[in-house]
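Asks: Residues per chain are reported as follows:
2 protein chains.
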Amino acid sequence: MEGVDYLSDERKKTQFDVEAMKVAWAGSREALQLSDRMAKLVANDPAFEKFTRPMMGRKELMKNTLRKAAHGWKLIVDLRLTEEEAKWLRLYIDEPAYTDLHWGMFVPAIEGQGTEEQKKKWLPLAQKMQIIGCYAQTELGHGSNVQGLETTATFDPRTDEFVIHSPTLTSSKWWPGGLGKVSTHAVVYARLIVGGEFHGVHGFIVQLRSLEDHSPLPGITVGDIGMKFGNGAYNTMDNGVLRFDHVRIPRDQMLMRVTQVTKEAKIVQSDVPRQLIYGTMVYVRQTIVADASKALSRAVCIATRYSAVRRQFGSRNGGPETQVIDYKTQQSRLFPLLASAYAFRFVGEWLKWLYMDVKQRLAANDFSTLPEAHACTAGLKSLTTTATADGIEECRKLCGGHGYLVSSGLPELFAVYIPACTYEGDNVVLLLQVARFLVKTVSELGYKKPVGTTAYMGRVATLMQNNCAVQTAEGWLNPGAIVEAFESRAARMAVRCGRQLAKFENPEEGFAELSADLVEAAVAHCQLIVVSKFVEKLQQDIPGKGVKQTLEVLCYVYALFLLHKHQGDFLATGYLTPKQASLANDQLRTLYSKVRPNAIALVDSFSYTDHYLGSILGCYDGNVYPKLYEAAWKDPLNDSDVVDGFHEYVQPILKQKVRTAKL
Amino acid sequence: MEGVDYLSDERKKTQFDVEAMKVAWAGSREALQLSDRMAKLVANDPAFEKFTRPMMGRKELMKNTLRKAAHGWKLIVDLRLTEEEAKWLRLYIDEPAYTDLHWGMFVPAIEGQGTEEQKKKWLPLAQKMQIIGCYAQTELGHGSNVQGLETTATFDPRTDEFVIHSPTLTSSKWWPGGLGKVSTHAVVYARLIVGGEFHGVHGFIVQLRSLEDHSPLPGITVGDIGMKFGNGAYNTMDNGVLRFDHVRIPRDQMLMRVTQVTKEAKIVQSDVPRQLIYGTMVYVRQTIVADASKALSRAVCIATRYSAVRRQFGSRNGGPETQVIDYKTQQSRLFPLLASAYAFRFVGEWLKWLYMDVKQRLAANDFSTLPEAHACTAGLKSLTTTATADGIEECRKLCGGHGYLVSSGLPELFAVYIPACTYEGDNVVLLLQVARFLVKTVSELGYKKPVGTTAYMGRVATLMQNNCAVQTAEGWLNPGAIVEAFESRAARMAVRCGRQLAKFENPEEGFAELSADLVEAAVAHCQLIVVSKFVEKLQQDIPGKGVKQTLEVLCYVYALFLLHKHQGDFLATGYLTPKQASLANDQLRTLYSKVRPNAIALVDSFSYTDHYLGSILGCYDGNVYPKLYEAAWKDPLNDSDVVDGFHEYVQPILKQKVRTAKL
Ligand SMILES: Cc1cc2nc3c(=O)[nH]c(=O)nc-3n(C[C@H](O)[C@H](O)[C@H](O)COP(=O)(O)OP(=O)(O)OC[C@H]3O[C@@H](n4cnc5c(N)ncnc54)[C@H](O)[C@@H]3O)c2cc1C
Ligand SMILES: Cc1cc2nc3c(=O)[nH]c(=O)nc-3n(C[C@H](O)[C@H](O)[C@H](O)COP(=O)(O)OP(=O)(O)OC[C@H]3O[C@@H](n4cnc5c(N)ncnc54)[C@H](O)[C@@H]3O)c2cc1C
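Read top to bottom, the protein sequences are chains A and B.
Residue numbering for the first sequence is 1 to 663, as defined by the working numbering.
Residue numbering for the second sequence is 1 to 663, as defined by the working numbering.
None of these hints come from the bench; they were simulated from the model.
There's no promise every hint is true.
No copy is singled out in the list; a pair is fine if it fits within one copy or between any two copies.
What the hints assert, rightly or not - Here are the computed lysine-lysine pairs in the DSSO-like style, where the Cα-Cα straight-line distance is at most 27 Å:
hint	residue 1	residue 2
1	K63	K634
2	K328	K565
3	K449	K359
4	K579	K565
5	K40	K63
6	K119	K657
7	K594	K120
8	K579	K440
9	K63	K50
10	K503	K120
11	K59	K634
12	K579	K359
13	K328	K87
14	K128	K657
15	K120	K655
16	K121	K655
17	K352	K40
18	K655	K503
19	K74	K655
20	K657	K121
21	K50	K662
22	K63	K662
23	K359	K119
24	K40	K74
25	K657	K50
26	K503	K63
27	K634	K12
28	K537	K294
29	K12	K50
Given these sequences and hints, build the entire structure.
Replies: This is the structure in structure tokens:
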């Protein structure tokens, strides 16, 4: 059976140049090559095997992860990998580990909030991993509300030290990844108290464990917070709990780029503006959007390949049954997710650009686009992670019963992915921030020109009046018509919220009362961004036979799927007539037929190895059934014909001896 | 801290008689008492502890489940529990086990499909658990399409036996619960071959394992299919794989109530009509709807209590922060789920009645309501399980970061629950069946009076014409207006599909092409059923101060939430104006405020023990933080300060010795 491609008929149907699509997905030929190189490095190294992960107990699991992380670091050092290569290597190792937080949060926190001196001292240590760090912000009692953190950092001018303390149970640090068992250091967020007064929440570099024997330092209680969702999943990460009993650190371990405390207990604000911190947030959230397209595309790749392999019903005269991918219901669930994966990929690419742009402007002391960029990334983080979490689970359901097996890869993918909806900003809290920004934009329209992704608000008068002109199903195959529809819907919903808010005497009360509607307006705005960035992407040159045409189809699928799903918004705001909404739906059905022949090639274009996918249902060759069958026998329960516990707990029942049995 | 009720302020706000609400939820005072008695029996017995479950490896987990099942059976025997009591006991033990399939599928299959003689022989054995059975229908290659099963049962008249055989890899039985390690017997579904001819798929009682030493019998290969979604979750169940190599069974082990094979190899149809089988399906699906309300109410109970405990933001002058349950966004996500739990409870109660009604009619040879009852239960199974699966995950998100901890109870609840969307009929396949029935009903309107839940179609002319008369937000507080809105929407969508179908020459092609729209029409029809059964429930006498009024609020919340979510349907069909939809939404906000003071009491009314909830976030006394903190330290990772693997895999990194380390 080895070597047969069960999906070759599908691959023959392809109407575009797959290699060129891979480049379009990766961003450039170089990016593709680099990513492929790292993917293969991992896939061909037995040290990174991941099949047995879900069967391990917690300790074994953690040990295994530490081993993989060390092996990965060894490769990075041995092969002198660049930072970019190391990033891809870690991604393809595909196992949450303390390294994610060390590289993704600890180092950036010092880079962003440390003074030059502090960076000079700490970054080399961190970059060589002579210390391992994590990001300790959230506490048992406070996550979303960072200003409510209770840990205190009290300045003691006599010793020139800060005293870090956990005054209450709820002030225990709780959740930081890598904290529980591995990190030697942490950036700890705490209430700065100087001269008995509170001066805001700031970050402090605190050593937690001895660099000799790794035991927790005096005054420090640290441990793991326990099991999380899923089998292996995120349980490879030592999310931790941490308490301080009057732990002293030198004054120069407060991150002082923005605010400084002097020896003399004076608070000095540097000339670096506070908003700089937003720059880091834009950066982190942009990576989360990129991760969303990665996770969703993996799930979609699995569900698409399996839907082409799986046949059920519809056999005529003993011939083969229908591939489930040919059912319109399957297509109407699957293809919008395929289109979303591409949409998120391109909006992520654009966000990367946006971050660069913001960075350059900040360097030139131009803060004008920052609020808009901040709202935009908050909204896109929320939109893409929510859609991805739901999308992974939908992909699992699309695989019927077999999707429920861990060997399908989908349960683990889901369990690992979902906290992205919560960390780096709870998705609903983020949408409320977007809503606040939108309402402000609307209220200032008279005298302030909206910029960036809110520029369309400048045409609000037109958008409130013009109605949709589409008159046929084909009429919807028009980027202008699509974007205008989404702009009008978003603008009308925002304006409507603004008008309702105006009826309240107390605007804060109004905002609270109407917040559910405000969230809907924020979603409409964010969807517009994704749709228009996809449309803009297609205005660029995209080489390769059929590549652009195929992406156009996906772009329409994404937009018209949203339009259908939210037709209530479009109809309620009066922009569309029921007839036009119905035409859009007709067009959507036609588009699904256009996606169908290219479906397998579109997921092949993600260029994922079978190792990275980690799914029997999604394997490249489609040879699903023998692999499922073989994998089953590896479960520990199959070690013996008669299961452990049979004699004690089943035999007595069968023999009618349960009343006297010792259980 | 022991004994303090952190939710007592909440409980004081209650505006209704909680004990009476408990009765309303349970169905009767007797039902409540019985259920409470069993819940306490389990909760107070340390043998049923479940906290450590997620930390166990597969073998240990299974052994633990076998122990609990034996202990449960011992209680049933020792205390001479009635069948009803035993059912509740198993439910509160709250651990999927082979017993679920033995009692829930094996016994009913023999009862429903066996002849009197067969029942006399097999039922006593099964009822005393001298044999343990499972239900082996699904194969590696076929689940939804039962007619496509490949296992063969070939009659050999020379020996008066059937030869059961697995001719292909894909014919391997795959998924049956209890099959892998425990069952001694199975009802196996196979293609009946007599005289070289295929005579449909039928059930056969096959012994799988020796009753002496439990080893698989000759010709039988049986094992577990491996890990499934979640930590403990459904991994306590030995879903199995099974292959037959020409296994012979006596002729009288084919279940012959409907079709018989004689010694002489003749096929005889008994006078029992085939439709009888639908009766069993109505029964099983009715229990699934009841389970949906159980699962959803558990999740809602956890999220509601935690939302009242959790405070975040909004502190003024150092006072306490806002309880997150007071945020309108939290309410708009949580309260519709609370209302859904009640709605599903009442529609489940009605379905129980429907099943009784069908049974009586069948006994009197009246098959007239069967197709409608079958479509109705199929649709309600799909609707309630989909909403419950999504609802549990939403409840988890409502708990912020802490919901991701296994100790919140929500991850396990989700992982155990979700296969309900797939087994006993994939939810989309079921909706397509409902759609088929609706289309048929519409096409026959001219000459056939629609019955039961489709009776409203008889008024289709009016429903197509009349538009909504509501003119104020208060106007929506009118059961008649609500039901008419849902009837009009459902009728218009079904008629519209019918018209579109009529444009196709080949109706089957039309059905396939339009299937995504047909599914939407089916959903609209099913939602109408739930709404109208809730409304009907409230027309009955419901004793207790404030009970009925509170339930009325929930009924409106459920209906108006759906109306808002699907406003696209209501607007597109022209039944509502945007203004009316907006008024409904305004009313919904007001209703949330009415739910708010009663929220805790409404979840207390489910009468769940802390054991059953299995959630630190949902514990009755609301004393969340100390319990979370204590539980963390029980994770095996916290056995030692320095984690296993540190010296091999972390130390070398810190000491810059990774290049020479043995990894
Ligand atoms: C896997 C994982 C890894 C993590 N890693 C880290 C880490 O490395 N370092 C770290 O410091 N932290 C980490 N965290 C913590 C994470 O950042 C927080 O959980 C997150 O910020 C959400 O905060 P919360 O848990 O307090 O949620 P809450 O704020 O308690 O949310 C509960 C509910 O209240 C609602 N809500 C809250 N405020 C409002 C409001 N103002 N208006 C309306 N609704 C509101 C939310 O929408 C939600 O439904 C991690 C968490 C997880 C799950
Ligand atoms: C936890 C669990 C326990 C189980 N227990 C048992 C048991 O005890 N005994 C037993 O016999 N079985 C059992 N099963 C099997 C279960 O009954 C099947 O998995 C279920 O019937 C779904 O069938 P499938 O897996 O073949 O899905 P498929 O039919 O392969 O579904 C795959 C996809 O195709 C779509 N699809 C299929 N047909 C159509 C169509 N005609 N039109 C449109 N779309 C279609 C589906 O919607 C789905 O999206 C169990 C399964 C699970 C997960």
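Asks: Would you mind marking each hint as holding or not holding in the structure?
Replies: Tested hints:
{"no.": "1", "hint": "K63 / K634", "result": "both (21 Å within a copy, 18 Å between copies)"}
{"no.": "2", "hint": "K328 / K565", "result": "both (16 Å within a copy, 23 Å between copies)"}
{"no.": "3", "hint": "K449 / K359", "result": "within (22 Å within a copy, 70 Å between copies)"}
{"no.": "4", "hint": "K579 / K565", "result": "both (15 Å within a copy, 20 Å between copies)"}
{"no.": "5", "hint": "K40 / K63", "result": "within (24 Å within a copy, 40 Å between copies)"}
{"no.": "6", "hint": "K119 / K657", "result": "between (72 Å within a copy, 24 Å between copies)"}
{"no.": "7", "hint": "K594 / K120", "result": "neither (56 Å within a copy, 59 Å between copies)"}
{"no.": "8", "hint": "K579 / K440", "result": "between (34 Å within a copy, 25 Å between copies)"}
{"no.": "9", "hint": "K63 / K50", "result": "both (13 Å within a copy, 26 Å between copies)"}
{"no.": "10", "hint": "K503 / K120", "result": "neither (55 Å within a copy, 74 Å between copies)"}
{"no.": "11", "hint": "K59 / K634", "result": "both (20 Å within a copy, 13 Å between copies)"}
{"no.": "12", "hint": "K579 / K359", "result": "neither (46 Å within a copy, 46 Å between copies)"}
{"no.": "13", "hint": "K328 / K87", "result": "neither (39 Å within a copy, 40 Å between copies)"}
{"no.": "14", "hint": "K128 / K657", "result": "between (65 Å within a copy, 11 Å between copies)"}
{"no.": "15", "hint": "K120 / K655", "result": "between (74 Å within a copy, 20 Å between copies)"}
{"no.": "16", "hint": "K121 / K655", "result": "between (73 Å within a copy, 18 Å between copies)"}
{"no.": "17", "hint": "K352 / K40", "result": "within (25 Å within a copy, 57 Å between copies)"}
{"no.": "18", "hint": "K655 / K503", "result": "neither (76 Å within a copy, 65 Å between copies)"}
{"no.": "19", "hint": "K74 / K655", "result": "between (58 Å within a copy, 13 Å between copies)"}
{"no.": "20", "hint": "K657 / K121", "result": "between (72 Å within a copy, 21 Å between copies)"}
{"no.": "21", "hint": "K50 / K662", "result": "between (40 Å within a copy, 20 Å between copies)"}
{"no.": "22", "hint": "K63 / K662", "result": "between (37 Å within a copy, 14 Å between copies)"}
{"no.": "23", "hint": "K359 / K119", "result": "within (19 Å within a copy, 78 Å between copies)"}
{"no.": "24", "hint": "K40 / K74", "result": "within (17 Å within a copy, 55 Å between copies)"}
{"no.": "25", "hint": "K657 / K50", "result": "between (43 Å within a copy, 26 Å between copies)"}
{"no.": "26", "hint": "K503 / K63", "result": "neither (60 Å within a copy, 64 Å between copies)"}
{"no.": "27", "hint": "K634 / K12", "result": "neither (35 Å within a copy, 55 Å between copies)"}
{"no.": "28", "hint": "K537 / K294", "result": "within (18 Å within a copy, 48 Å between copies)"}
{"no.": "29", "hint": "K12 / K50", "result": "neither (32 Å within a copy, 52 Å between copies)"}
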